[in-house]
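Work out the full structure: start from the sequences and follow the hints.
Each residue of the sequence shown is one higher than the one before, counting from 97 in the working numbering.
For the record, the hints were derived by calculation from the structure and aren't laboratory data.
Among these hints, one or two may not hold up.
[To be verified] Under the rule of at most 16 Å between Cα atoms (straight-line distance), these lysine to aspartate or glutamate pairs were calculated in the EDC-like manner:
#1 Lys296 <-> Asp278
#2 Lys252 <-> Glu401
#3 Lys457 <-> Glu490
#4 Lys294 <-> Glu185
#5 Lys252 <-> Glu262
#6 Lys541 <-> Glu412
Remember, predicted model here, so these are calculated numbers, not experimental data.
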Amino acid sequence: MASNQQEYVEQLQLLQERYPQVSTQNLLHFLQQHHGDVDKVCEYLIQEERRLKKLDSLESRFGTALIELQKEYPASESIKRTRLLRILERFGGDVEHVRKFLQKHETKHNERKIDSSTVQYQQQEEIKTKYPTQLAELRTAGINIHSPCVLLQLEKFHGDVNKVLEMTKYREEKKTHSIELDTKYSSQIEQLETDGIKIKNKRLLLELLEKSNGQVHIVKQLLAERNKQKSSISINEENHTKLSSSKKQHEMDVDDIDNLKQLRAAGIHGNPMKILALFHECNQSIEMTKARIEKDREQRERQCEKRTQQHIVLAEIHNSYLTINNRDDWPNNIQQVYLDGNNMMFVIDSIRRLCLNRASKKAERSIAELAAAWNEQMHIPNVELVFDLTHQLEQIQSIKVSSAHPMYKTTDDMLIDIVQRSENQEKNRHTIIVTSDRGLAIQLKREGCQLVKPYQWFSHCAMVLTPDLIKHEETTEMAAAATTATTKNKIQCDLNQLVRRVVKIDT
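Structure below.
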């Protein structure tokens, strides 16, 4: 503690002058958490002061009513008083709503015959014992490791500290945004309260105010529509509940009800009909049912993880390609270009029709001639057009034509082998590969190569050889979660006309 005090002596003096009511030990702890950043500590203390003032005001408003409710429901002693005060505030001091909540809690408490707070404390201690290293990392990052939310997230993500930090950052940003909106629209909120509009969900109100740009009459209209929709949904749900409950009573016999009780006692929860169907599939064995449910859960988690990885891969692929909107966008110092011929056969309609009409040799030669005309202007030392299997191996001007077969099975295998050779490690930085194959693109990017999509390469051919065919269109896109608009430059090019002019084939 003495070494920490010496390290933060100036910051500590400054904070003691501003906040004499806070103990030195606490100030040192806050400085450690925020790595000596006085502004962040002040921001935290200001928020804490606001929180305490808010709790004091809630205590003065609802304290007496809460004491009466706690006498009526003894099990509510296990719930934090601050939480109960916030529930009362949410329901505008309506005791009946809180009474219903406490009644449910009392029933659960009596069924378990165990104090839920004790169980939660035991779970938290188990998590602390399970992940000591990860908790030390989180403490170093300034995270409150005694927070139940942080501990539960650490358990949920199987000790992945990065995911916990991401979630914490997201929550902080969301909280900061809510505070900013609350300050920005404070007058509108007061006006709505004066007009007699009760809003239980403050976050929803702030979202509506942001959406309507602070226009109170639009917020009122949106709330009225929402309430109308909510009432119609509740009526439909009530009717559906009546029908479904009567249906279940007819379908479930006495044995099923007994089996369901046993399953509930074994910790198996969920839709009763689905659980019973699974129970009968497992020869009415509780152990087999639990194993089956666990197996299904693991399968769902694997599928979810697989989808997440696919999204990551797609994002990586999207960011791997060069964007070429102008002739000068082509990178300098390029010494080698590989064209994935099979991948380029179906980009232009006229060349695609040649392939479909069994004139693939003519299609291959068309791409080679177009590449040769392009390289006459670009002067790239080595340009190689590679096909999976071709017998047209003669060089066309500066373009070398290669066949992956018989040495390799596909063009992908050939290109990967070339870029992974030790003598090409430095050359890869000056190499462009034209392909749209996703799996191939990721491997090539990791080896240091630059990537261009076939359509972009054909467009660049038009920019170099027939610039009059290029048209630039500016498109405006609205972001889904924001009101800002982004302008993108989109290229329009008649590639069939390019082929007609350069390669002299009918389109």
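Right, here's what the structure says about each hint:
As the CA atoms of Lys296 and Asp278 are separated by approximately 15 Å, the hinted pair is consistent with the 16 Å bound. For the given pair, Lys252 sits about 14 Å from Glu401 by alpha-carbon distance, which is consistent with the 16 Å threshold. For the hint pairing Lys457 with Glu490, the CA-to-CA distance comes to about 12 Å; that is within 16 Å, so the pair holds. Between Lys294 and Glu185, the direct Cα distance comes to roughly 11 Å. Compliance with the 16 Å bound is thereby established for this hinted pair.
A hinted pair counts as satisfied when its Cα atoms are at most 16 Å apart, and Lys252 with Glu262 qualifies at roughly 14 Å. Restraint check for Lys541 and Glu412: satisfied, since their Cα atoms lie roughly 9 Å apart, inside the 16 Å limit.
When the structure is compared with the earlier hints, no violation turns up for any of them.
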